[in-house]
Every structure is written in C-alpha cells, then in structure tokens.
Amino acid sequence: MTAQELQHKIEQAAQVIGKTWPLYSFVTANPLSGYEDRSFFEAVEQAGNALDAQVLPEAQVIRQAWEEGLIDSDEIKRLLREAGKTESPEHYLKTLEAHPAEEQLNVNHELDRLTVKWLSLFMDEGMAAWPMPFKEQGFYTAWRKLIKYDEDLKTKSKGAVPKSPEQALSFLLKDYNDAAQATLLERHLAALPGWAGFIKYRVENKSVWNAEYPVDLLAFLAVRLWMAHCLDIPLMPAAPTPKNHALLELKYLWLQAWEGTWQKRSFKKLEDSVQQSKQEKTVTPEAQLVFCLDSRSEVLRRHLEAHGNYETFGSAGSFGVPMNYRNLDNGLINKSMPAMAPSKYLIHEEVIPNQEQGAQAYKTEGKRIKFYTYFLKRMKNILPSAFGYVEGSGFYYGFFMLMRLFNPVAADRMQLQHKTGGESVYEPHIHAIGDLDGSAGEIAFEEQATIVKNAFDSCGWRQFAPLVVFTGHASHSANNPYASSLDCGACAGNPGKRNARILARMANAPEVREILRDTHGITVPEDTIFIAGEHTTSTDNVELFDSAVPESHQAILQSLKKVLVDVKHSMTKERLNEGDDAASLAKIKATSWSESRPEWGLSKHAGYIIGPRSLTKNNEFSDWFSSSYDWKIDNDGAILAGLMQGPLVVCQWINNHYYFSTVDNDKFGAGSKITHNITGKYGVMQGNGSDLKVGLPLQSLMKTDDKVFHNPLRLSTVIQAPKDHITKVLANAPALKTVIDNGWIHLFVMDPEHDNVIEQYRPEATWAKAV
Amino acid sequence: MNSKNPRPGALFKTVSAFLWLMFLLSIGFIIAYYPEAPDWNWHGLFRINGLSLIIWATVTFFSAAVTTFASKYLIGFRYYKRFLALSIGFTMSVSLLVFADHIVLLLLAWLGMGFFMARLIGVNTQWGEAREAAKYCQRHFLTGSLFLTTGMLLLAFSANQFTLTGLTQHFSELPFYILLISALCIIVAAAIQSAMFPFHRWLLSAMTSPTPASALMHAGFVNGAGILLTLLAPLFFQSKTMTLLIIIGGVTAIVAQFAKLIQVNVKQKLGCSTTAQMAFMIMQCGLGFFNAAVVHLILHGFYKAYLFLSSGEEIEHKPPKKNKPHINAIQMVLVLIFGVLGALFFAWITGKGLKLDGGIFLTLIVAITVGQATHNIVKRQELTYLKKLVITPVVFFISIGLYALLYNGSTVFMAGLPMIDNPEPLSVLQIAFGVIFLAGFFIMKLGIYERIPWLYVRLVNDSQPYKKTVLRYKKSSK
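Chains as they are written, first to last, in this note's numbering: chain A, 1 to 771; chain B, 1 to 478.
Think of the hints as simulated: they come from the structure by calculation, not from any bench. Be a bit skeptical, because a hint or two may be false.
[Unchecked claim] Derived DEER-like restraints, expressed as beta-carbon distance ranges:
(1) Leu231/A to Lys321/B: 55 to 63 Å
(2) Lys81/B to Asn732/A: 53 to 61 Å
(3) Gly44/B to Ala98/A: 53 to 61 Å
(4) Leu231/A to Gly9/B: 54 to 62 Å
(5) Gly89/B to Lys707/A: 26 to 34 Å
(6) Lys154/A to Lys321/B: 54 to 62 Å
(7) Ser88/A to Gly9/B: 36 to 44 Å
(8) Glu68/A to Arg7/B: 17 to 25 Å
(9) Asp232/A to Phe176/B: 48 to 56 Å
(10) Arg7/B to Lys370/A: 52 to 60 Å
(11) Arg7/B to Arg462/A: 31 to 39 Å
(12) Gly9/B to Leu376/A: 29 to 37 Å
Even glycine gets a Cβ: it sits at the ideal position worked out from N, Cα and C.
Working from the sequences, and respecting the hints, build out all of it.
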C-alpha cells in the first residue's frame, strides 16, 4: 500500500465523522455532512449504525410534541395509513416507547481511554503550563518518544514502535483486504468522532496550532491501532448492532407528520400576512436597518417597525463580505463569514486619523488587561508561591464571589475586559487575503463597489433613507464555554459588527458611490450615510457606532436611539415572557455566572423565508429565518442563486446542527453543561474525560433534561420567486440540488406570477401543492 | 414554569436564604463574643467553641454560596431536588463534625460527610461513569472512616474518655504505642480526606459531580483533614508524628504542584491544585501552626470555590508561541528587596518567623511568594518602572495585611483550644524542605523540568482519573 493509497482510504473513511469546531469560534455545521449525497432517511440510518447514535426524535420527544398538540392527528393518521399501518397513532407511539435506549459496557474502553489520554495532551492549546515534550515533532513522533515510559501500556512485547505512522499502519493492515481496511479505519474513527473531528478541523481549516504542532488522521489512526496491537485486542472493532429498521421508519413518519403540521399552520399564518400587506401604502422611511437573517432578528425588526417609521431588511449576518478578521487585541486571524466558502479579504483595524490619543488609551488598557491575566496565572503555578498567593488573595476571591452571586451586573463591569470595543478610534480596512501585514494597501474601489452592490442586491434594495444601519449581532454571557455558539452563525461564530463596519465604511466612500452610480446604475443619495451597529441578543441592546455621524443626521440618529431603548424593553418582555423588569432580568441573565441558559439562541427555528419584508410584516414569525429578496429586480436569477448557495446553506447547517444536537445530545451535542470539563482551551468533555463534544449543550436546546425546547424539524424554506427561477438555480448548483432532492431541506415556492400559491418542490423539479 | 425564562425553585431559594441566615448568625456570634470565645458543652455530646464557630461560619458560607449558585445553574436537572437534599445532608454532617464533643457523633459526622459527598459525585444515577466514580470515592471515604474509627476508639477505650474534651486532656496518660498507632490511623484518615499522595486519585476521578458540588468538595469536604488535625492537635505532639505530617504534606505539595503544570483539563488542573494546597495545610499543621492551617483552609476555600464555579471561562483562542522574558540584574535586586521586605512585614505583623522555629519556614514561603510576584510585576513591559515601584508594595501591604487580620483574629478566638499555636522547633527536616521548596521554585522558574520526558509521563499517569470512570459505558438506542 502506498502512502497515497493509505491517505485516500483514510479520507474516504473520514466521511463517517463530522468536523469538531473549537469553542472559541463555534460553527453550527451538519455533523452528517459526509452523508448529504444520500436521502435523509438512508443517511440517518447509516450514520446511526456507524456512530451508534440516535438520529431521529426519540419516543419521549415525540410524546411531548404529540401532547402539546404540535402534531396534527389527521396528519399522522394519513401518513400511517399511506405506510400501510392501520393501528392508532397512540399504538405506534407506545411501540416506540417500549424500546428505550440502553447503557452498555464499552468493549474498547481501555483503548478509548488511552487514545483520549494521549490526544488531549497533544492537542492542548495552552491550558498546560508544561506542554507535552516533543510536541513540535508532531503527534505520532511525540507519542512514540513518550510511550516507552507509559506503564499503562506494554509496548516492548511488540518490538520497536515503527518510525512513521505509514509504516505502523501498513504493517498492521497488511492482513486485511481493501474492503476490510476501509471498514476497520471507519470504525476506529467512529469510536471517538469528536476527537477525530477536531483533528479534521485542525488540518482542513489550517489552524495555527496545527502549523506548530502537526497532527492528522493518519497519525491518530496509527497511534490508536498500535496501542490496540499492544493491548492485544482485535484490530477490527465489532460491528455495532444495527438499529431496528421498522422503528426508524416509524419515527420518521412521526417526524414528517410534525413537520407537515408546522408547515400547514405556518403557511396559513404567512398567507394571512400576505393578504393584509396588499392593502398597505408605502411611506419613505426615516432610517433603514439591515439585520442578520437570524430568527432572533425577527422580533427586533417587528418591534422596531411598530415603534416608528423604519424599514428593515434581513441579510446574512456577514453582509456578503467574504472576509477574515485580524483581532485587534491578540493579532489572531479569524474567519468572519460562512464557514463553507473560502475567504477573499482580510480586515485590519487602523487608527482613525486624529484619534491617535484614543487608540493609545485603548492599547494601554489592553496591556493592563494582559498584565493582570498573566500575573494571576503565573502566581498560581509556581511552587511554592502558589501557597502564599492563595493566602494573600483568598479574600479577593471571596469578595468577588459574593459580588457575582448578588450583583452580577456590577461584577461583570469589574471583569478584566475592554470597557468599549474601540470602534470610535479604529476603523476597518479591507485588504486582499494574503496581505498579512497590510502593506499592500486596500483593495481597489471597483472591487469595493462590487461588494457593496452585491450587499444591496441581496436585500432587493434600491431606495435609500438618510440613515442606514448595518446591524451585526453577538451575544454576551458569563462563564459560558458556548458563548460563541450564540454569536453570528453566518460569521463562523463571531460578532457580526466587524462585517457591518467594513461594509458601512465602503458604502460611505465617495469613490465607491461614484462607481455604483456609473457602472452599476445604483444611485445612493448624497445625504444618505451608512453606519454599523450591534444587536446584543442576550440583552436586546442595540449599540450604534455613530462617532462619524454628522450634525445634519443627529436628529434622526437621536430619535432612533430613543426608539431602540423602547424596543429593548418591549422586546425583552416578549422574549422572556416577563413583566416590566424584563430588560433588567435579561441583563442579569447575560452577566450571571450561574446562568446556564443566558438566551435561547436559535432554538425553536423551523422555517426560512426568502422574499420581501411585506410578506411577513403582519404577523409573528419568530421561528423563521428571513432574507430580504425582491424577485422583480432579479431578472436573471443571479441574486437568488447567491442567496440559495450562500445563506440557504448556512441555514441548513444551522438547522441540521440544532436537529442532531437535539435528537442525540450526547453524541451530536455536548450533553449537560453542569458536568462539563473544559479541555485544552478549545473544547469540552464530560466528567473525568470523554469523547470531545461536538455540538450544542443540552441547556441550549432543552427546557429540562427530559423536555425539549427546540423542535427538531428539518428546515422548511419558502421562496417568493417564479418557479422557473428556482429550477434554473438548482440546475446550475448540483450540490445544493442534491441536498434538497435528498430531503435535508424542505423547499417551497410562493410564485408571485401564480397568485402567491405555496407549492412544494419535488425532485426532478416538479411541484406539488403544499399541505 | 415560564420556559422562556425558567427560575429557581422555591425550595432551593428558601434553603439558600436559610443558609445565608445561618452564616450571618455565626458571624454575629463571633463578633459578639470576640475576643473571648465561648466554651459551651452540652452533656458531653455537643460543644461550641472558637474553632467550631469559625468553621461553622465557613461551612455555612460555602453551602449558601453553592446553593445560591446551583439554584439557577441546575435548573432543569433531573436530580435538582436530590442535589439540594444531598447538599443539606453534607452541610449538616460538617456542622455535626464541628459541634460534636462525643466521639461517636464525630465518627458519624465523618461517615456522613463521605456518604453525602459520594452521592453528590454520583448524583446522576443514569450515568455509568458517575456511578463508578461514586463507588470508587465511597470506597476511599469508607476506608478513611474505618481508620478514623480505629484510631479514635483505641484512644477512647484506652483512656476511657468518650468526649473530645476529655480525650485531649488525657493523652499524656496513655502509653506511647497507643498514641502512635492512633495517630497513624487518624493521619491516614486525614490524608485520604484531603487527597494526599498516594490517596489523591479519588479527587481527580470526582469530576462527574455537577460543578457546584465540586466547589463544595474542594472548598469544604477536603478541609475535613485540617479540622480533624486541629481538633486533636495535642495527639500529634505527644505521639511525635508532627514530622510525619511535614513529610506527607511536603512531598505531596511538590508532586501535586508539578502535576498541575501538565494538566490539560480545567477541573483536573484545579484538582491537582487542591491537593497541593491541602498538602501545604497539612505541612502547616506539622510545623505546629494549626491556626495557620485553619486560616489556609478558609482562604483556599474562597479561592477554589471561585475557580470551580467560574470554570466555564477557560475557552480562549491563544497563539501557539509564548515568549518568556528573562530576568535582568535590576529586576533581580528588586525581587530580593521586596521578598525580604514582604517577609519582614509578615513576620512583624503575624509574629511568625521571629523565633528559630517552624515559623521561619512559613515566612520563607511568604518571601518567595512576594519575590515571585515582584518578578511577575517588574518583568512585564506593560507598566512603567514608577508604576511597578508603587503597585508592588501596595499590593503586598494590603494582601499580607488582610491575611494577618484573619490569622491574628482567629488565633485569638481559638486560644481556648489546646496546642494549636505551638510552633515546632526548627529541625533539619524543616530546613531540608525549605531548601527543596527553594530549589523547586528555581526549577520551575527556569523550566528545567521541561526536558525530562519520563517525569512528564510519570506525572501524567499518576494524575489520571480511575480507569472505570472514563469512557467505560455507552448509550445505545434501538
């Protein structure tokens, strides 16, 4: 077997596992992305068997939905009948309930334990003050040089450990034929999918840690298999017991009935809203605000529109800027756009002319924070000053503990952090992706104008108000390893304000506007100014980065700010289902260290609408994502193609992630936060040690250990556009078409040329009247 | 329940309010009686003295803080109420320990602490690894109880005294071998409770407990050893086992502090740190400063409870390379000056280290700490030299001052207890450990250890959780 063949086999086998993202920039990806070429049911059955995971809602989740009336009785009866099942729904629910999950002994317990022991030591990203020796030589070599001292494992009996992972694997796999090798590799990767998935992340996303300390799946498998060899256990893991096919089919019927019920009820609401909007007259808005398509924006948009003459748009929270961002504080570069596409630009923060003093103050503050952090860490580590340190500092910890218990808001202000984000003294500059030090200068105005034009297009936007706000979003929570899972999903788990700021700066540039007018035929009035803002989703506070707003716009700005405060109050009342103190309750939730559910994130989402705001303006759609789109300005369907291949896929990833994290929270989620143990600064394990957790924690999805909050349903997407447009987009996007044809997304069209009737997409581009 | 904003249960809130009330009450008592602690005894069953009030204030503080935290943090947990019940059980056991005079009550309290703590570790009974961890820890705690019972009953029957008050007055009448055997048994019980090497593994296998229970464990349960040793202080003088305490503590302190450096999981890292800190506490006992040990366990409790409760804050994107600035001559001089000044201030304000006794050792620790802190301050470029020269003494003055306040205060308040502030004369062993600690300090500062791979693997294996508590089970759906 050549090295290439081996590499190829491993790549194939790795389809069985997803990617585990680090928690400092959490991405809600589809854990079953390697299965998207199969129909949803086929995929979940295969993955369920390979990973020994639950892949469809379990009986008690269905029971809860059934009892809460979320599954229409006629709907499930119809589906059961069509499947030739003649008993009552209750009967089949009982059948499911009669087969609960069971705890079993892990036969490869010792091998799994040793694999995690060595991997977690190697993968550490700065938790340990004494890192693993020989780490810089890569995982396999470091392990090989240390394993001889490990009394847990007798390696001597098997002779010298081979010098390279290729040699080790070739030697161990020589007695297996090709098919058996594939199965064997697959099963070993599926044994610890979280850890293997993190290796996949480090390699494929070119983590800076992997550049210094390389590890890949080849090394992982070589180490694991050699240890299995030394433990004298069979190299070929036993096949997991296949899931009961009939039970899976039954669960799938229930899932479809649940989805069908949601669609029927939500489409009714949508049709009502569309009816009402026909009678409305349009007024020129005082200001326009663009939000992320995130379902959390819907509430804000609705309240904002109710409070004043404002027009709102929904867009992907990265605002169409395919960029990486260099962090001002530590110089690290993060992706700030949907994780599946490549970035094209790199954003540097530069001091705004005449703001050198403010920037200096910001820098000094940053240095002070760094110093204290370093100081506290060093003192705890060194023998014997750790003992003296505890005695000298115990009182401060006691005091701060009381503060955080009884006044979390004040304690939050005392944390080591910047008081402001530096937005008033720094401005973002856009460079080509390779321009790491920013020496090549910003990209040309023509290119900037194209980015801005695309952003306008994707919102179906041609009339500009005097004040336009691009509003990114981020969350604020305390003591929360999953904080970044509440940030903007379209920005790869980062705050969206960075994208909003660069877009606003480009759109304000006179040179860009000139090109927009001359080349693209888009006229931005001279008195229109663009600014950025940030919606904090846990408090519903909206901050506007308004330092550059001229006197002429102050009146509009100030009244908008006032309205935003009112909106915060009315919105938190709705979001928390609380009284007048809702806004301060939200503030406490966002700062309290004992709050395991600072906000519900995207839980409960189930739909995605692509169409103008007028469609959804007259009802509540807080369980929908929403992208503004006007088919009338999209003659060739190019804008729609962009939306379907960008935001729609982001929404599908989010949706699948929420779905699988809910149906098997241990395997695809992260289990309960209350027993989390953070490892290596990037991830969590349960208890004393476990597989690395890949998804959202229980507290993000469930009301209690037994009751779900998020309804695990596949995304139902409604697009208002002529059917031909959609068919054409799909014809040119085979990957997307596969995903839709295979039932990972439910696609519906609301055809404006046919009375806005909602019809469901079927494979081979036929359409059927929606339920 | 308002599922959009779930709130703590009423029972939980009532209990934590009650615990806060108890805490305030005990603080009130202490203030009212200070400096003369009461010495009440009820039929030889219960007693209240300076130590019991101080420890009770500590225990109620941590229980109250942890239940307040958990009331919100554990919302939706299947065993929400069970957690509360077990925490109350634990708190009551510790309360019984500090108020017990009759040794049967004391033994019951010890057993109860272990019983409730083991159940908190395994509170999630549907989780196989948690059940294994609970079993494993319970085995340790039962063994500890067994040793304690043996030691105590041996003393009690030999002296025919069944109260602590009676017993501590009659040690001198007992034959030496009885004293020695009892003391050894009791030291083993203490060493298990505070996870001393080689009994440390239970603590590193106990992370299956919900985070607030860990806070209670590391700020409450492990302190049992300090309390026990203090209650029986005269026994260790008369059985000549003070040296043994220094050795157990000293060795564990060094091993655990090194083991902490290699940990990659936050909770195991905190676990190693707790073992090291408890080791230092036992060392303080061995030096004759039982009062200092009591103060240490309180302050360590604040520190460790805080770090556990905030252990969700360890996610961070760090760059891979770190630069280690080296120390220069001016910095070295400053380190020395401030180290000596800090030590002198400490010695003057606490009275420790003025005579040729074990206090010198503790003063040395202060000198090193201050020196280390000075180094950390002066070597960073973020601050100007002027700021460094101002900040450094201010920080030390306040920190040492606060420590001294608690130390002197509790020493006065516990004055009624026999031999708890009775420094051992300076010995060769103490000097040896002093030298080892100093050497350890320089080894750590210079990073020499990083070049010893076998030591690394050894420490890794010695700090692994018990096998059956990791990846032992899996859940399989149908």
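Structure-based check of each hint:
no., hint, verdict
1, Leu231/A to Lys321/B: 55 to 63 Å, "violated (36 Å)"
2, Lys81/B to Asn732/A: 53 to 61 Å, "holds (58 Å)"
3, Gly44/B to Ala98/A: 53 to 61 Å, "holds (60 Å)"
4, Leu231/A to Gly9/B: 54 to 62 Å, "violated (47 Å)"
5, Gly89/B to Lys707/A: 26 to 34 Å, "holds (28 Å)"
6, Lys154/A to Lys321/B: 54 to 62 Å, "violated (36 Å)"
7, Ser88/A to Gly9/B: 36 to 44 Å, "holds (37 Å)"
8, Glu68/A to Arg7/B: 17 to 25 Å, "holds (21 Å)"
9, Asp232/A to Phe176/B: 48 to 56 Å, "holds (53 Å)"
10, Arg7/B to Lys370/A: 52 to 60 Å, "violated (38 Å)"
11, Arg7/B to Arg462/A: 31 to 39 Å, "violated (48 Å)"
12, Gly9/B to Leu376/A: 29 to 37 Å, "holds (35 Å)"
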